[in-house]
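Residue strings, one per chain:
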Amino acid sequence: MNKILFFDSGPIISLVMSRLIWILPELKKNYGGKFMITPAVRRELIERPLGIKRFEFEALQVMKLIREGVLEVYEKVPASKVNQLETLANGSFKIKNKTMDVVQSGELEIAACALETEAEAVVMDERTLRLFIENNKEMTHLLKIRFNQEITADQNKMNQFSSILKSLKIIRSVELVGVAYQLGLLDAYIPDQKGGEKTLLDAVLWATKFNGCAVTEPEIEEMEKVLLG
Amino acid sequence: MKEVIRKEILFDLAQAIAILEQKDAKDVEELKKLSDHAIEDVALHKDLDLISITVLIYSIYKIISSISAEAEKNLLAGLKSAKNSLEQNNLSRYNQNIKVLFNLVSKSNIKVKEHLQDVMQAARIKKGTVLLQKGLSIGQAAGLMGLSNWDLQQYAGRTTAIAQHHETTSVKKRLALALNLFNAK
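For the record, the sequence lines run as chains A and B. The numbers in this note's numbering rise by one with no breaks, and the one at position 71 of the first sequence is 71. The numbers in this note's numbering rise by one with no breaks, and the one at position 11 of the second sequence is 11.
What the hints contain is simulated information worked out from the structure, not anything from laboratory work. Every residue gets a Cβ at the ideal spot worked out from N, C-alpha and C, and that includes glycine. A few of these clues could be false.
To be verified - Chain A is faced by these chain B residues, among others (derived, beta-carbon under 8 Å): (1) Ser52; (2) Asn95; (3) Lys99; (4) Met120; (5) Gln121; (6) Gly135; (7) Leu136; (8) Ser137; (9) Ile138; (10) Trp150; (11) Gln153; (12) Gly157; (13) Leu175; (14) Leu177; (15) Leu181.
My request is simple: use the sequences and hints to build the entire structure.
The structure is reproduced here in structure tokens:
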């Protein structure tokens with residue numbers, strides 16, 4: 001394993017929108033390795049929002065992180081691996097005998113690059129791809145209960161997909177925020193009141209959830225129990 | 001336009017026309033149900049004409065209760081024209097009809113614009129969120145609806161759409177991994 005973490009666009013968006021993106025350089029110092037993104041993630045984080053007035057400043061914040069070397073762009077995307085993963089993932093489900101695309105190739109770039117570089121983990125808030133990697137039966141279940149039409153799942157393709165990516169470890173922005181709390185990076189925000197630490201932790205974990213991290217309420221409660229000891 | 005798409009759009013237009021013609025008190029909710037039905041076809045076919053009609057129907061749902069009788073009449077006439085054009089396979093006229101319909105929605109939308117972003121952008125976000133609920137990834141849902149991940153993620157986080165699933169990896173395990181990676185035990 002190499003000291004690399006690959007970031008999807010989701011966790012960066014969650015942290016920027018939660019006004020917590022400043023923890024990233026601090027976390028990187030502690031990590032002692034590289035924080036990487038792919039060209040597709042850069043496009044989604046910078047090029048795209050630069051053309052949307054509402055998100056222009058957000059794009060500049062991410063651009064600053066790249067300029068300062070906090071985030072690095074991994075350009076050698078293994079296209080054939082991405083294609084293989086895309087064919088498997090988006091060929092796994094059929095409705096009315098037609099395959100349905102559930103993930104984008106850009107999202108799969110992260111997984112392929114993490115495998116290629118033997119990265120320690122990927123940081124991904126996105127639920128669909130995470131479920132696909134970690135629990136493809138739950139993915140099938142989710143689609144079957146959500147669509148009003150008959151869904152056919154190709155278990156063979158799904159297993160192949162999961163098998164390729166089974167070594168991949170995934171964390172989310174909410175865990176990064178938990179780490180920042182544990183490292184004391186957020187101490188300046190502890191309110192001067194009884195249970196101040198719990199208030200702070202609750203505030204930052206929920207902020208991350210409300211800004212797009214796929215984390216459930218029981219998970220937040222569990223994190224608070226662990227982190228507050 | 002593929003035949004399967006043409007049939008789906010004709011179905012959606014016929015339903016929308018029937019709902020508006022009935023002028024039932026439940027009109028509004030029926031339009032919403034219709035656009036929810038149409039979004040499944042969007043996920044399946046990834047077709048721009050289908051996306052367009054889904055956004056249009058949802059936009060009409062959002063404005064229908066606050067527009068004048070005349071505007072409603074114009075919308076109904078526009079929908080009928082679009083249906084006729086498509087039945088006759090006259091795609092250039094159909095596209096023109098759809099453009100006129102979107103203009104009608106925009107003009108009827110001044111009140112909404114004062115408070116929110118453009119109603120059609122809101123419709124795209126709303127329908128994108130429905131795609132997330134159906135199980136599509138944020139990138140896929142945003143891409144289909146012509147949105148950026150920034151648009152969709154912000155709204156997704158405020159719905160229960162992305163937290164209604166069972167995680168196999170326990171949060172304790174994931175947190176332990178993160179703490180370990182950053183030497184923060």
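Numbers of unmet hints, in rising order: 1, 2, 3, 4 and 5
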